[in-house]
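Visitor: Residue-level listing of the chains:
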Amino acid sequence: MESSGLPAKIRRAAQLLFFKSHRISGVKGWELKRSLGSGYPRVLKALMSQLEPLGISLRVVGENGELPLNAPEESLSTARFVLALADPVKVSDAKTSGWSIDELAGLTVCLATIASRGGKAARSELEEIMRQKFPKWKVRNFLSKYVKWGYLEENDDSLILGWRTNAEVDLKSLLRYIFGG
Amino acid sequence: MERELQELISELTSIIRSGMDPLSVRLQPHIMRLRKLIKESLELKHVELDMEALYNFALLVYAQSKSLKDKSSVLYVDPFLIRLSMLGSTTDKLAEAFLRSWRPSAGRDVLSHEMMRRAYEYWNNLKEYNIEEAKTQPIFGESLESLGVRYDELMSDSIVELYEDLRRRGGRLLYEELLGEGELNERLRRAVLISFMLTYGYASIVKEPLKNRFWVVAKEEVGIEPRSQGESIVTVVS
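Chains A and B, in that order, give the protein sequences. Note that numbering that gives the first Met the number 0 numbers the first sequence so that position 125 is 124, with each residue one more than the last. Note that numbering that gives the first Met the number 0 numbers the second sequence so that position 209 is 208, with each residue one more than the last.
If you're looking for bench data, these hints aren't it; they were derived computationally from the structure. A couple of the hints might just be wrong.
One-sided and incomplete, this derived list gives chain B residues near chain A with beta-carbon spacing under 8 angstroms [said to hold, decoys possible]: (1) K38; (2) R82; (3) S88; (4) A96; (5) A105; (6) R107.
Being a predicted model, the structure only gives us computed values, none of them experimental. Idealized CB from N, CA, C, for every residue including glycine.
Only chain B is shown next, with the shape it has when bound in the complex (with noise of 0.2 angstroms):
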């Protein structure tokens, strides 16, 4: 019986989905089989699906008194034949019929005296925007080596030791707990090599948005991923 109310539900909602004309649907030999049904069962689990086939009977129900509705309209005309219609006309037939059904709406876009005044005067009123633009530079060899790091460094050991000390302190940390407490150059040295350290594969970092926090965590298999999206964090070593 379930499956066969499940059956008839389908039916239904499948009749409502496909866009045919709800009106060429007999809706009468649906009734009758479930009311067959409703009389079978008076089980909880029949009866939620004896309600949920009569709200689709309600759905089909509307479409078919929308469809009469629109059909009855002066508007109505079949979508087949003017698709038709338009399939044999030309193109400056069919703007032709635009044209004659058309009127434009009427406006003006210019500016008045009174609106340059009033834009003027608020222009005036406005506070001096005066937040200082800073300039990025690539960083340079020379850049790296204020920040304590070497060039070669980053081609070295320094990177696997430092994802070495990661694994051993469990394989997950904050990123300003794997930056450390030290002086400033050495925090802006390790800031930089955890940079090429992700780059390079070894690890990936893992957002907490809720607590605005980061996770570096070394990864089982070093490499970079071949379909991964590169992104970019910005961070404030003080």
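One chain only, chain A, in its complex shape (with noise of 0.2 angstroms):
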């Protein structure tokens, strides 16, 4: 097979998507198709079906959320390509990646209250609930980490959801199980 076939183009189609840059995982549309050709949705189907037995799914995510691969191409030329794990993480995998029970704790206290007030909260008002259960410095300390992780984005005095959140949280979920379902 020469080396512009599927497989070279597997293997290229992998490469781009596992390289981290600058922090942000993934790649856009517009990225995959100067690289791989404009039939690159076909060429992440044939990875993902090598990548999901092990455990690993592919997101697209647009601006207004998840894209399926047969969405059209405008939407996913714009969209960003992310491998994630396919299964949830257990706690103790999460303490090995390096998080801490009181980081994933105030991040999900950050990710509902902005959920709930319509994808935009105040800081002062994060600060206020999370200083609740945490002291002041811990929850500045924690702040600044979700915004350089990429979890939540500043906008003024108040705080969004950052790329990061979009592309690997399940807001809907995290919702349901606060509420105890």
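Join the two chains, each given in its own frame, into one complex according to the hints.
Guide: Here you go:
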């Protein structure tokens, strides 16, 4: 098989999708098209048939949420293609990856509050809620970490959901679990 | 009438800014009020205020429409209920809720041989960086003497004389003018004296950023300002 054949394109797609640049995982649709040609959704489907048995899924995150691989080209072009774990993470695994329980709980509070406020919450409100469980220094530290990691984004004095939340978190489930579902 | 319109505008803006649920506001009484006021006068200043009030109505209606859209979405939960629920949960339970709805992105963050080969090529092709690095040293008594200034001179009348010279020449001179056009040694000596004159609070420096010039301005009352922020300016005396 020549180097421009499907297997070579699958390898190239895997390299692009796995490689992190500037802390942001994944690649934009137009970047995949430039590198793999206009038939890149077909290449991605072939790649996923090999990765899914390993517990890895592909998420296509557009401006207004997740998209299917057969979405219109103009939506796919600006969407971000991210490889994600298909199964939930265990507490012990999260701890091994460097997360503390407090960091996870703080992020839950932020995401749920912002989601319940229509996508935007005042920083002061988030600080106030978190300070009922954590000391002030920890709250400030957590918020700057969440912004740095891409889970939250700063918008004047407010915080909104970051690209990583859209790519990694199922907010509907999160809210259901908070209510004990 | 003007006052009434301004009151209406201020009520509307305070509702918008308050962060209260826009759907809890009854618009009809406000609209009836505005309708009555619009009919009363067609003077330009009143029409302008009418427009401003209408604009604020539009903002309020937009906020109501957005709130309605949010509440009708599947994601809507009452902020108060979610807050209560979170306060009643332990950090462990909150962490668990996140973990159950989180699918972290996968990525690799390692160097490949190809990347190292390219980096090596890039390194080899970089031009040599050969700007000489100068070391700075504190000035001691001997160094000052080599600039034509005696250490005891800094505590004597020389600085006061320089200050009075500045005042005689209008109290405001360009740094270069105060430095003079004499021999290099003399200019260096004056540069040191000017520096100490500024430090002792006899004068201040005013920057003119557009022309990249510095003015030395004599102070009426000599002394270091207690809360002033220190600043260093580097100049070349040639």
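Visitor: The structure should be examined with respect to each hint, and the outcome stated for every one.
Guide: Hints, one by one, checked against the model:
no. : hint : in the structure
1   : K38  : violated, 37 angstroms
2   : R82  : holds, 6 angstroms
3   : S88  : holds, 7 angstroms
4   : A96  : holds, 4 angstroms
5   : A105 : holds, 4 angstroms
6   : R107 : holds, 5 angstroms
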